[in-house]
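Work out the full structure, taking the sequences as your base and the hints as a guide.
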Amino acid sequence: MTTLLVGVTVFVLASFVGFEVISKVPPTLHTPLMSGANAISGITIIGALVAGGLGSTPLAQVLGFLAVATATVNVVGGFLITDRMLEMFKSRSDRERPQR
Amino acid sequence: MTAMLYLASAVAFIVGLKQLGSPRTARMGNRIAGVGMLVAIVVTLVTEGILNWGVVLGGLAVGTVFGVWAAVRVQMTAMPQMVAIFNGLGGAASALVAAVEVLESDLSGLAVETVVTILLSILIGSITVTGSFVAFAKLQGLVPGRPLVFAGQRFVNGLIFIVLIGFAVWAGVGANESGYWVVAAISLVIGVMTVIPIGGADMPVVISLLNSFSGIAAAMAGFVIESNPLIIGGALVGAAGLILTVQMTEAMNRSLANVLFAGFGTEGATSAATMSDKPVKRATAEDAAITLGYADTVMIVPGYGLAVAQAQHAVRKLADALEERGASVRYAIHPVAGRMPGHMNVLLAEADVPYEQLLDMEQADPQFPQIDVVLILGANDVVNTSARDDPGSPIYGMPIFNVDRAGTVIVVKRSLAPGFAGIDNPLFYEDNTLMLFADAKDALEQTTAALRSV
Numbered sequence: 000m001t002t003l004l005v006g007v008t009v010f011v012l013a014s015f016v017g018f019e020v021i022s023k024v025p026p027t028l029h030t031p032l033m034s035g036a037n038a039i040s041g042i043t044i045i046g047a048l049v050a051g052g053l054g055s056t057p058l059a060q061v062l063g064f065l066a067v068a069t070a071t072v073n074v075v076g077g078f079l080i081t082d083r084m085l086e087m088f089k090s091r092s093d094r095e096r097p098q099r
Numbered sequence: 000m001t002a003m004l005y006l007a008s009a010v011a012f013i014v015g016l017k018q019l020g021s022p023r024t025a026r027m028g029n030r031i032a033g034v035g036m037l038v039a040i041v042v043t044l045v046t047e048g049i050l051n052w053g054v055v056l057g058g059l060a061v062g063t064v065f066g067v068w069a070a071v072r073v074q075m076t077a078m079p080q081m082v083a084i085f086n087g088l089g090g091a092a093s094a095l096v097a098a099v100e101v102l103e104s105d106l107s108g109l110a111v112e113t114v115v116t117i118l119l120s121i122l123i124g125s126i127t128v129t130g131s132f133v134a135f136a137k138l139q140g141l142v143p144g145r146p147l148v149f150a151g152q153r154f155v156n157g158l159i160f161i162v163l164i165g166f167a168v169w170a171g172v173g174a175n176e177s178g179y180w181v182v183a184a185i186s187l188v189i190g191v192m193t194v195i196p197i198g199g200a201d202m203p204v205v206i207s208l209l210n211s212f213s214g215i216a217a218a219m220a221g222f223v224i225e226s227n228p229l230i231i232g233g234a235l236v237g238a239a240g241l242i243l244t245v246q247m248t249e250a251m252n253r254s255l256a257n258v259l260f261a262g263f264g265t266e267g268a269t270s271a272a273t274m275s276d277k278p279v280k281r282a283t284a285e286d287a288a289i290t291l292g293y294a295d296t297v298m299i300v301p302g303y304g305l306a307v308a309q310a311q312h313a314v315r316k317l318a319d320a321l322e323e324r325g326a327s328v329r330y331a332i333h334p335v336a337g338r339m340p341g342h343m344n345v346l347l348a349e350a351d352v353p354y355e356q357l358l359d360m361e362q363a364d365p366q367f368p369q370i371d372v373v374l375i376l377g378a379n380d381v382v383n384t385s386a387r388d389d390p391g392s393p394i395y396g397m398p399i400f401n402v403d404r405a406g407t408v409i410v411v412k413r414s415l416a417p418g419f420a421g422i423d424n425p426l427f428y429e430d431n432t433l434m435l436f437a438d439a440k441d442a443l444e445q446t447t448a449a450l451r452s453v
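Here the protein sequences come in this chain order: E and X.
For the record, in the first sequence the residue sitting at position 33 is 32 according to numbering that gives the first Met the number 0, with numbers rising by one throughout.
For the record, in the second sequence the residue sitting at position 257 is 256 according to numbering that gives the first Met the number 0, with numbers rising by one throughout.
Calculated directly from the structure, the hints in this document are not laboratory data.
Not one of these hints is a red herring.
Computed footprint of chain X on chain E; a stretch qualifies when at least three of its residues, placed anywhere within it, have a C-beta under 8 angstroms from a C-beta of chain X:
#1 23 to 32
#2 52 to 62
#3 77 to 84
Owing to the predicted nature of the structure, the values given are computational and were not obtained by experimental measurement.
By construction, the Cβ of each residue, glycine as well, lies at the ideal position given by its N, Cα and C atoms.
And the structure:
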């Protein structure tokens, strides 16, 4: 029961941190923010690795494999695509640098 | 040591999210979160006593190849669809983690809280999967974007939900493995049934909500395998997605319940016929160029049409030409313009528009009375004056850009057809409105060429 209580405490506190951190984000960044947050939700990959790595029956291993693969797409694709988007965000001063 | 490293990755997520909130630090923030993820993955691989290395490494390899391929290949205009897909896959992973737990556990020996979190993980994860794929299909045009509604839909959905609860209790209390699979199957159906009746214009809200769901599903999976980093990461995303969702519905002056259950965009379409008889002032690209050429202040209002036409670079060139003539050019970005919050900002950033020129609702709207020319590119509902003037309009009360208060309004649009919400726009018939019927990209290129020769 204590593990559950600790879990619930962590969940509630983390939710509040999420609310606090996100509530002041300018609309300009909403798409990368959503995409970046989406990549973070891929943290479920930890569970997937355990499920895939310890599954004892063939069915459990197949489902575990699918879990690892889907979570990895979520993580890798999510962070890369967010980076690609953010690379494009430039201020006026960046634009006027000689490299262009 | 393991616990400390997991803590470090959780801290990296929080710092990363925080830095994603400002244009200057955002890229670094994303990378910090990415490093946090890498740490968590490595720690898990090293400490969990993995037995099936083939399964794990195979999954990582397949996922990495597909993830990189998708991220490099996707066009910025298709970003909403891509986020929807990634979202769905995240939900799938969480549901699968819980499914493996069902297979591997002695079900009758499970504690109540484990049973509940397994069921929630399967339920929310599965809804996220099919809901996200329906949202993808709607955005991609594979299924009609309009709300698909039928008589008794809510009754049927309610019934499905009751059946679901029945099977969930059967699975949990009866420690019955089949019960869990039935719960998964019904949840997949619920995901389809809840997103199908929602109109394409509301997909940004749906994607944001599903993003929140994928976080909550991850947190539930965290309870199942008793992993704090999973709970923290999941809760952060759950909260973040929820905030964005609420902000979006507020920008449309609607409640979340209204977005999800109202079948919005079905009723207003009928009024279109009565309005279309009125004359509009047609303009050519040359007319637009002359009007713009004499303007000192220009405000551009982009919408989804800009994305469809891939016209983000064309609009930048027109803006450059105008600035060379001494005009000031700004962009007014409505919170729900495009198919995803901030979608327009990403597209214009791709075309090298400095983010200082992009104004949000509060910054842009008070300026319209002082603006000489407003150029509306493929936007409709966000400048629909019936939202302000017609209490009978389905979008009445939604905050709009009051562009009709500017000197001249030029609307670039492919036809007079109503926008995604299916509602006619009185703005098009105003005396100071010029209608330029064309593809946004063609119109912009012709206008720029004409402007250069004025």
